[in-house]
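Take these sequences, add in the hints, and give me the full structure.
Under my numbering, the residue at position 28 of the sequence shown is numbered 28, and the numbers go up by one with no gaps.
Keep in mind that the hints were calculated from the coordinates and are not lab data.
These figures come from a predicted structure and were not determined experimentally.
The beta-carbon is built from N, C-alpha and C at its ideal position, and this holds for glycine as well.
Check the hints yourself; a few may be wrong.
[Claimed, not checked] Calculated cross-link-like contacts (lysine-lysine; reagent style DSSO-like; alpha-carbon spacing at most 30 Å):
#1 Lys104 - Lys78
#2 Lys110 - Lys20
#3 Lys87 - Lys111
#4 Lys110 - Lys87
#5 Lys14 - Lys27
#6 Lys110 - Lys56
#7 Lys111 - Lys20
#8 Lys112 - Lys56
[As the list claims (entries may be wrong)] Per label pair, the in silico range of CB-to-CB distance:
#9 Phe5 - Ile30: 16 to 22 Å
#10 Arg39 - Lys112: 30 to 36 Å
#11 Glu96 - Glu11: 24 to 30 Å
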Amino acid sequence: MANKFGIPENELLKIRARDKRCVYCHKEMIYPFISDKQRDCATIEHLNFDGPFYWKEGLQIEDVVICCGSCNSSRGVKRLSDWFSTKYCIAKNINESTVADPVKEYLNRKKKS
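Below, the structure is given as structure tokens:
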């Protein structure tokens, strides 16, 4: 997986071990990235839509997950709460209750801050 965000390889391996399936739709993903199968490929996803986006800027492992290309593309730069109400998420039953634990933990941290 390309890592243009400066995430150290050992940290990226931890994230990949934790997020074996898309954290949103739970489909199995393809490693490494294959351009003609973009929708099914694993992509680095920033939970915080407004950054930081790079490790050297303070990006933390708990703010990064791995999701499929389809979910990453659909979300774009939307807040998670806004994205959950889109047609895409409704059709795929993606919401605060159905996402993987790292996303739930992120949402809980944001509610407390």
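Which numbered hints are broken by the structure, listed smallest first? none
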